[in-house]
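Asks: Residue numbers (this note's numbering), protein chains in the order written: chain P, 103 to 199; chain A, 4 to 146.
Keep in mind the hints are simulated off the structure, nothing from the lab. Even for Gly, the Cβ is constructed at its ideal location relative to N, Cα and C. Treat the hints with care, since some could be wrong.
[As the list claims (entries may be wrong)] Chain A is faced by these chain P residues, among others (derived, beta-carbon under 10 Å):
{"id": "1", "residue": "GLU135"}
{"id": "2", "residue": "LEU157"}
{"id": "3", "residue": "TRP184"}
{"id": "4", "residue": "THR189"}
[Claimed, not checked] Straight-line distance between alpha carbons at most 16 Å, and here's what the computed EDC-like set of lysine to aspartate or glutamate pairs gives:
{"id": "5", "chain 1": "A", "residue 1": "LYS18", "chain 2": "A", "residue 2": "GLU110"}
{"id": "6", "chain 1": "A", "residue 1": "LYS18", "chain 2": "P", "residue 2": "GLU190"}
{"id": "7", "chain 1": "A", "residue 1": "LYS41", "chain 2": "A", "residue 2": "ASP90"}
{"id": "8", "chain 1": "A", "residue 1": "LYS41", "chain 2": "A", "residue 2": "GLU79"}
{"id": "9", "chain 1": "A", "residue 1": "LYS41", "chain 2": "P", "residue 2": "ASP181"}
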Amino acid sequence: MTLHIVSKSPYTSSALKECLGAFASGDALLLIEDGTYVLRHPALETLQSAEIYCLEADAAARGQQQLAATMDRVEMINDARWVQLCTEHQPIVSWFR
Amino acid sequence: MPRRAGHFTIWPPMKFSLAVYSAPHSAQSASSALRFAKTVLQQGHEIYRVFFYCDGVQNGNATAAPPQDEIDLTAEWQVLGQQHQLDLVICIAAAQRRGVLNQREAERLERPAANLADGFELAGLGQLTDAVANSDRLITFGS
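Chain A with its partners taken away, still in its complex shape (with noise of 0.2 Å):
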């Protein structure tokens, strides 16, 4: 079915996938990454998953505290990944040589906190795989 965005309509719907490669602190490219996700869902289109690798990790890091008048992306990504259940994924790999780190991780690899921010998940790189397998688009957002 065609979906309904604000006055038009869109057929058909695609099945995007972001790659996201840098920090929130690091380049302009992790807002660009949040503006194009949120006008691909404004558009009727899915997200089949927005994967963070490299310093994309620390877009999950619940512990950075950004200046209060710069927008906050971990929380922004929250707010959208609930509002549309998006799958947020961090690479594992990637995370833990960072200090990004579940629970689990934190409890396995005997470190003293975990921070990874609630609405994403740790994964192995062959989630990027499958995303790049399974949507009709890829859009990489570089470091």
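This is chain P alone, in the form it adopts within the complex (with noise of 0.2 Å):
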């Protein structure tokens, strides 16, 4: 299954509706750097079975680890965990547009 990275802030790129555009069944999706302000976004709510994960330094770099800490469904990971879902999926999608 498709491990599909997000780097781009919703607000400024279309990364994340392109990225639901191509998200299938059993993907998942990891944020990144101005990712995590996807967090903010109501898109998230369609992904209601998906698991989403969220690399917290970028978010805590941005202001937006309170929030995430009350987000039950994402769950936020170090680089360590990155490489090991890295490991876990194929292929990997980066979407930066």
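Mind docking these for me? Both chains are given alone in their own frames, and the hints should help you get the complex.
Replies: Right, here's the structure in full:
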């Protein structure tokens, strides 16, 4: 199953929208860099059953850690878990436009 | 053989390749790529190749001088590359148009200086195709 990595804000880029258009059941979503602003976006609700991960350091760098703590559906991860997720999924698709 | 990584064993180890599209000064993804590469190696996996493409070729620009309180990604890649014998490949076509040249290209194109950092090499896009074919995973670090 695909790991989708979104690294751009949904407010400045179509990365999230395009990612969701290609999202299949069983896929996982990882938010990194400005992609952590997706935590604030209503479109996240459309992924009811998907695994959602977020790079904790990138969220904290943007003042999102309190918001992230309230979201049970999102697993906050570190770099080591990121690499592990990449071993568990194939392919890895990066969305950054 | 399984590889030891700290206190736990990874099985099976995988071959990763990274594609880096962003210059050190232009987006966070250039530093994300370096962090990711370090973590991959810490976990006992192999990095088959790091391919620097588009503005990512600036990671191999030896004449860039970032402020002292910022991470010098070129220097960090050089150290990591030397420690782990990494194949750090810069796309030659992307590099030419951005003025990242080795001695041979500088002479051939009649430019006044060569600035490709030690530890990096110039090669064609075929090296990215080869990396895709020979790696278990390709991770793209976008612009």
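Asks: Taking 10 Å as the limit, does the beta-carbon of LEU157 of chain P come near enough to a beta-carbon in chain A?
Replies: holds, 8 Å
Asks: Taking the least C-beta to C-beta distance, is THR189 of chain P closer than 10 Å to chain A?
Replies: Check passed: Cβ of THR189 of chain P comes within 6 Å of chain A, closer than 10 Å.
Asks: Hint check: LYS18 of chain A vs GLU190 of chain P, CA-CA at most 16 Å. Holds or violated?
Replies: OK: LYS18 of chain A and GLU190 of chain P at ~13 Å, within 16 Å.
Asks: Under 10 Å is the threshold here; is the Cβ of TRP184 of chain P close enough to any Cβ of chain A for the hint to stand?
Replies: holds, 7 Å
Asks: Is the hinted pair LYS41 of chain A and ASP90 of chain A satisfied, with a Cα-Cα distance of at most 16 Å?
Replies: holds, 14 Å
Asks: Measure nothing beyond the straight line between the CA atoms of LYS18 of chain A and GLU110 of chain A; if it is 16 Å or shorter, mark the hint as holding.
Replies: Roughly 36 Å separates the two Cα atoms, so the pair is violated.
Asks: Given GLU135 of chain P as an interface hint, is its Cβ closer than 10 Å to any Cβ of chain A?
Replies: With a minimum Cβ separation of about 5 Å from chain A (threshold 10 Å), the hint on GLU135 of chain P holds.
Asks: Does the structure keep LYS41 of chain A and ASP181 of chain P at a Cα separation of 16 Å or less?
Replies: Roughly 9 Å between the alpha carbons, so the hint for LYS41 of chain A and ASP181 of chain P holds.
Asks: Taking 16 Å as the top limit, are the C-alpha atoms of LYS41 of chain A and GLU79 of chain A close enough?
Replies: holds, 10 Å
Going through the hint list in order, the structure does not satisfy hint 5, though it satisfies all others.
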